[in-house]
Amino acid sequence: MTKFAASHAKSLETVILIGSVAKGRVRSDMVKAPSDIDLVFVLKNAREKEKFFNALIEYINKEISSVYGIVCYPLVLTRSEYIGGLERRNAFIIKVQCEGVELYGRKPRRFGKVGA
1 MTKFAASHAK
11 SLETVILIGS
21 VAKGRVRSDM
31 VKAPSDIDLV
41 FVLKNAREKE
51 KFFNALIEYI
61 NKEISSVYGI
71 VCYPLVLTRS
81 EYIGGLERRN
91 AFIIKVQCEG
101 VELYGRKPRR
111 FGKVGA
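Here the numbering used here is used: position 52 in the sequence shown is 52, and no number is missing along the way.
Incorrect hints may appear among the rest.
Claimed, not checked - Derived lysine-lysine pairs resembling DSSO-like cross-links, with alpha carbons at most 27 Å apart:
id : residue 1 : residue 2
1  : K51       : K23
2  : K107      : K10
3  : K95       : K44
4  : K107      : K95
Don't read these hints as lab results, they were simulated from the structure.
Can you make the complete structure from the sequences, with help from the hints?
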């Protein structure tokens, strides 16, 4: 995933690992019941979102799922969508912010408004 992230550095702000793998709770039987990988990709702007998503799905299918047999569930958000989720106190985005592990870049940060 690092290789993919580096090749899309112009549009990609961060990659955040969430879920059981981020918490260190990988299933012990990776053959019969492998853990899935949940990832949040935060893009710098919306212009590249569709193109990025298509390239990401192709990469996951070709380089991860078919090679390792691991299922990846990516969520692609723009920086403004992510910050908006923090501002609206979206439970999922708050959980990503608090518990997610940064694999590439840094999580967008926005804690309250000036004068609030």
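Legend entry - Ascending list of hint numbers which this structure does not respect: 1
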